[in-house]
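Using the sequences and the hints given, assemble the complete structure.
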Amino acid sequence: MPIPYSEGERRRWRSARVDNASVLARTQRAQKRSIKTESKVRLLKLALNMIDLTTLEGQDTPQKVAALCRKASLPFQEMPDLPTVAAVCVYPNMVPHARKALGSNSPVKLAAVATAFPSGQLPLALKVEEVRKTVAMGADEIDMVIDRGAFLAGQDEKVYEEIAAVKEACGTARLKVILETGELGTLDNVASASRLAIAAGGDFIKTSTGKINPAATMETTLVMLEAIREHYLETGEMIGMKPAGGIRTAKQSLHYLVLVAETLGAGWMTNEWFRFGASSLANDILRQLARRADGHYQSPRRFSVD
Amino acid sequence: MSRLAVQKTLKMYVGGKFIRSESGRTVAAKAADGSTMNVCFASRKDLRDSIGNNRSSQPKWAAMTAYNRGQILYRLAEILEARADTLPAKKADVHAAIDRAVHHAGWSDKVTAVLSTLNPVAATYVNYSLVRPVGVVLAVPHPDDGLLGMVEALCAAVLMGNSTTVLVPPASAEVATHLMEALATSDFPGGVVNILTGDIPGVLATANVHDDLDTLFVTEGVLEPEVLKTAQIEAAAVMRRIVIAGRAAEPATPAHLMRLAELQTVWMSAWEPQGGAAAY
Amino acid sequence: MNKTAPKKPELQLQGALDLSPSPESCPVTFRERYGHFIDGKRVAGKDADDFDTLNPATGQPIARVAAADATEVDKAVKAARKAYDKVWSKMSPADRGKYIYRIARRLQERSRELAVAETIDNGKPIRETRDVDVPLAAQHFFYYAGWADKLQYAAPGRDVRPLGVAAQVIPWNFPLLMAAWKIAPALAAGNTVVIKPAETTPITVTMLTEIFEEIDLPPGVVNVVNGAGATGAALVTHPDVDKVAFTGSTGVGRIIMRAIAGTKKKATMELGGKGANIVFADAALDQAVEGVINGIFFNQGHVCCAGSRLLVEESIAADFLDRLRRRVSTLRIGNPLDKNTDIGAINSAEQLATVERYIAIGQREGAELWQGAACARPDAGYFVMPTILTGVQQSDTVVREEIFGPVLSVLTFRTPDEAVKKANDTEYGLAAGVWTEKTSKLFDVAHRLNAGVVWANGYNLFDPASPFGGIRHSGFGREGGPAGLMPYLEVR
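Chains as they are written, first to last, in the numbering used here: chain A, 79 to 384; chain B, 12 to 291; chain C, 71 to 562.
Derived by calculation from the structure, the hints in this document are not laboratory data.
Please note that the accuracy of each hint is not assured.
Mimicking DSS-like on lysine-lysine, the simulated pairs with C-alpha atoms at most 25 Å apart in a straight line are [as the list claims (entries may be wrong)]:
hint : chain 1 : residue 1 : chain 2 : residue 2
1    : C       : LYS409    : A       : LYS329
2    : B       : LYS41     : B       : LYS102
3    : C       : LYS491    : B       : LYS71
4    : B       : LYS71     : C       : LYS78
5    : B       : LYS71     : C       : LYS111
6    : B       : LYS121    : C       : LYS220
7    : C       : LYS111    : C       : LYS152
8    : A       : LYS118    : C       : LYS409
9    : B       : LYS240    : C       : LYS336
10   : C       : LYS156    : C       : LYS336
11   : A       : LYS110    : C       : LYS409
12   : C       : LYS152    : C       : LYS334
13   : C       : LYS491    : A       : LYS123
14   : C       : LYS491    : B       : LYS240
15   : C       : LYS409    : A       : LYS114
16   : C       : LYS168    : C       : LYS111
17   : C       : LYS156    : C       : LYS168
All values derive from a computational prediction rather than experimental measurement.
Given below as structure tokens:
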């Protein structure tokens with residue numbers, strides 16, 4: 079439920095205050111959680127189930143996307159009982175191919191980046207048009223980018239209106255708002271942009287495009303989770319979270335889940351409300367799960383690249 | 012025919028005012044010219060009043076800039092210089108005392124720089140230690156050190172922002188009175204330096220059970236070992252600091268002044284969330 | 071979602087992260103009996119007055135421990151004197167430093183074993199012994215090792231000399247770390263040592279003596295005597311001791327200061343505290359929550375500098391307490407050896423009784439009690455749930471006295487002046503914290519707090535380069551940094 083734009087709202091977003099050193103200490107503490115045996119298997123399966131399996135390359139082909147969709151639906155042939163990933167995430171041009179590969183009743187959602195991803199440097203009307211067409215082609219979810227330049231220039235109303243317009247264009251598709259935290263410069267800005275994106279109607283807030291370094295970090299994720307918590311406690315409305323980019327290992331994904339569980343609680347421990355934007359993470363999780371299953375440390379070569 | 016002189020009873024100095032002992036008690040002591048003078052004799056209540064007065068004056072003194080405190084100490088030297096010829100003491104001693112005030116005046120805005128540190132901690136914090144005043148100091152200079160002893164004790168005690176009561180025996184009262192008069196005209200806020208004349212072990216016995224006294228600053232050799240031991244035993248109740256200073260011939264150095272201060276370490280959270288040690 | 075439900079939304083934090091047991095597995099072999107370490111030799115000690123050291127997480131005994139009497143203490147002091155006169159004071163400063171470096175390195179190499187032993191003997195979580203106690207102990211030896219050949223720079227323009235034999239008495243809350251805080255600067259400054267660990271936590275200091283053997287530290291340079299108060303009394307009052315360093319309660323500190331009055335012994339006292347943690351409305355609130363947690367629930371609140379008083383600005387008090395309770399609901403209490411345990415065991419039955427007594431007093435004086443964690447309190451062993459007392463007044467016992475347990479007393483204030491006034495309204499003056507994102511206020515308040523250590527947007531951070539110690543009833547002298555050398559040096 080969007081919150082109407084007002085100067086007062088804007089001041090509230092911009093009054094975000096974050097202490098960097100303490101955020102760092104908190105994330106370091108989360109990384110000390112030791113997740114072993116049954117809980118490790120359970121949480122790795124959950125993490126696998128939360129992945130937006132992503133390919134966003136200029137050289138993507140329909141074949142590659144089809145392979146990705148197969149992997150998304152059946153991550154590891156030898157362990158057919160494993161959950162699927164949450165979604166595949168592709169460029170708009172690949173949506174028809176992915177839709178075809180997934181079929182219409184897949185438990186795997188189809189997400190597409192849009193709004194002139196990754197820079198967002200396009201007039202709003204064209205962005206809206208892009209989103210409409212992408213949804214029409216079969217996307218269940220839209221990952222949009224905010225205009226970071228406008229945000230950093232203090233043109234919050236412009237950022238807000240873009241998100242609101244895109245949200246409207248999404249129709250029933252869920253909207254993930256990429257803040258591109260690596261370009262925001264401070265955790266205060268991350269907190270402010272999170273509030274703004276939530277107020278403007280984002281269903282999810284997402285850290286990064288994966289095209290900018292740094293991408294997702296534990297610190298930015300924690301600050302965004304805290305913004306989601308604040309919104310939920312004030313309004314009762316749940317907002318999803320998606321760290322994306324740079325999360326490559328199973329162990330990293332477990333640390334993120336610790337942050338989610340200890341910041342937002344059990345309600346968010348589902349792919350309805352938490353996603354990992356990642357490409358290589360799935361294979362590392364599969365390695366760990368296969369190791370638990372047969373006792374052997376796995377060669378990465380056992381798992382298909384797509 | 013000789014004139015009958017006006018006899019003056021030497022007062023004490025508390026809160027910027029010259030006071031008689033609240034007990035009304037005086038004792039006779041010998042003046043430099045051999046005559047007998049009457050000296051106010053500090054009672055237990057005089058000490059309590061003085062410490063209470065030190066306590067209320069201290070925060071403002073500490074809050075003044077170090078530059079300003081240094082100027083006031085220098086002003087004390089100026090006033091003493093102007094009165095140097097009238098002091099009932101050897102010229103060399105008076106000059107040494109004046110020079111000592113000048114010396115310590117210069118420390119007030121430097122000692123913090125010498126004693127403070129920027130500590131390279133393995134965490135995302137800027138960490139520094141700085142000296143803060145310890146609070147209220149009872150200073151007992153060695154009577155044999157004369158004016159120099161008093162000046163050394165009071166300067167060392169107050170230059171970093173403490174307030175002090177200087178305790179001298181009645182025999183030192185004549186010189187002490189000149190010092191009080193200099194203090195009274197040298198811009199010290201009232202109560203930063205008080206001077207009591209009295210029986211040292213007697214006043215100390217009261218100081219020992221005064222929980223609001225932070226530090227006892229005594230020159231070596233002033234107290235009998237048993238008196239010092241009693242002071243140490245009583246100090247334990249409130250962890251009062253007891254500082255034994257050397258004789259006044261040498262000025263207190265920063266290492267010595269450190270004992271009249273508290274080191275405060277501050278951890279300020281720093282900006283970059285990178286590297287560093289664990290949460291604690 | 072039910073749109074008509076007027077219920078206030080709340081998070082399901084408890085049970086959100088169901089973790090399998092994850093016990094630290096590094097084996098430690100305990101001896102049946104722990105004696106003393108005198109003149110480089112292990113001394114069994116007498117059977118009279120010997121006692122058990124317990125695992126507080128189970129209440130079961132680990133080993134017998136000897137209690138040194140005056141004769142054994144005398145032997146230890148004599149050994150330290152001999153080592154001082156004949157070896158340590160004659161050695162080149164650089165070589166002294168190299169011995170201390172060796173200690174540091176061996177501590178790191180045996181860190182897992184030490185962490186496990188500390189956790190079993192003390193009750194604190196392995197997360198802390200592994201990440202704080204043991205690495206920080208090694209860091210202290212590294213830090214002071216480097217000072218050994220640089221002492222002339224500690225007091226520029228002055229001549230500095232070691233004092234001689236240092237008698238050190240340390241508490242049970244950080245057994246190995248406190249030994250490091252005491253031994254490292256003493257040795258670096260050229261002194262020799264007799265140290266007495268707390269009677270409930272003798273094991274890791276004994277393991278440290280094994281390290282002294284391994285690195286060929288000359289006999290007598292560090293001696294360890296085990297025992298309780300009588301042993302400590304014999305040690306600090308020994309006439310051939312030049313320096314007394316004590317960390318512990320203000321009550322015992324007073325006894326020691328009286329006992330050594332009239333002697334030439336130099337003393338440092340690191341005593342109790344009642345730290346205030348001030349949270350302003352313009353703080354980074356979610357981070358301030360972490361600071362409050364670190365302040366009072368680190369090491370079950372068995373920390374002299376614990377932030378046991380929360381002073382929160384009235385305008386955000388309710389909100390802040392909600393945030394705090396939510397975070398506490400994710401803390402795991404239980405088996406200290408489990409790597410996920412946040413809150414371990416209270417060190418002894420005696421301390422457990424003390425903490426529980428204070429909680430009862432608090433309630434009797436009108437405090438409202440809240441206790442919480444991610445899981446239930448274990449049935450065996452000595453445990454106290456994280457406790458928050460609200461509705462307390464400045465004059466209440468739980469606001470004035472050091473509880474030394476996981477008990478937070480919450481007060482409110484309206485202005486910075488009131489916050490400072492309340493924070494400083496204590497006989498103690500060890501540590502305090504302040505949380506605000508407004509820099510001018512941060513500096514102003516930090517510097518007006520009467521405490522030896524102030525954490526500005528942080529709490530319970532320690533570093534060997536950072537001087538630590540208190541004012542007023544919290545003691546005197548500093549440990550850490552160049553200031554930490556001064557108590558072990560004579561400045562001429």
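Hint check results:
{"no.": "1", "hint": "C/LYS409 x A/LYS329", "verdict": "holds, 16 Å"}
{"no.": "2", "hint": "B/LYS41 x B/LYS102", "verdict": "holds, 20 Å"}
{"no.": "3", "hint": "C/LYS491 x B/LYS71", "verdict": "holds, 16 Å"}
{"no.": "4", "hint": "B/LYS71 x C/LYS78", "verdict": "violated, 50 Å"}
{"no.": "5", "hint": "B/LYS71 x C/LYS111", "verdict": "violated, 58 Å"}
{"no.": "6", "hint": "B/LYS121 x C/LYS220", "verdict": "holds, 23 Å"}
{"no.": "7", "hint": "C/LYS111 x C/LYS152", "verdict": "holds, 14 Å"}
{"no.": "8", "hint": "A/LYS118 x C/LYS409", "verdict": "holds, 14 Å"}
{"no.": "9", "hint": "B/LYS240 x C/LYS336", "verdict": "holds, 14 Å"}
{"no.": "10", "hint": "C/LYS156 x C/LYS336", "verdict": "holds, 22 Å"}
{"no.": "11", "hint": "A/LYS110 x C/LYS409", "verdict": "holds, 8 Å"}
{"no.": "12", "hint": "C/LYS152 x C/LYS334", "verdict": "holds, 20 Å"}
{"no.": "13", "hint": "C/LYS491 x A/LYS123", "verdict": "violated, 54 Å"}
{"no.": "14", "hint": "C/LYS491 x B/LYS240", "verdict": "violated, 35 Å"}
{"no.": "15", "hint": "C/LYS409 x A/LYS114", "verdict": "holds, 10 Å"}
{"no.": "16", "hint": "C/LYS168 x C/LYS111", "verdict": "holds, 22 Å"}
{"no.": "17", "hint": "C/LYS156 x C/LYS168", "verdict": "holds, 18 Å"}
The structure fails hints 4, 5, 13 and 14 (numbered hints given earlier, in ascending order).
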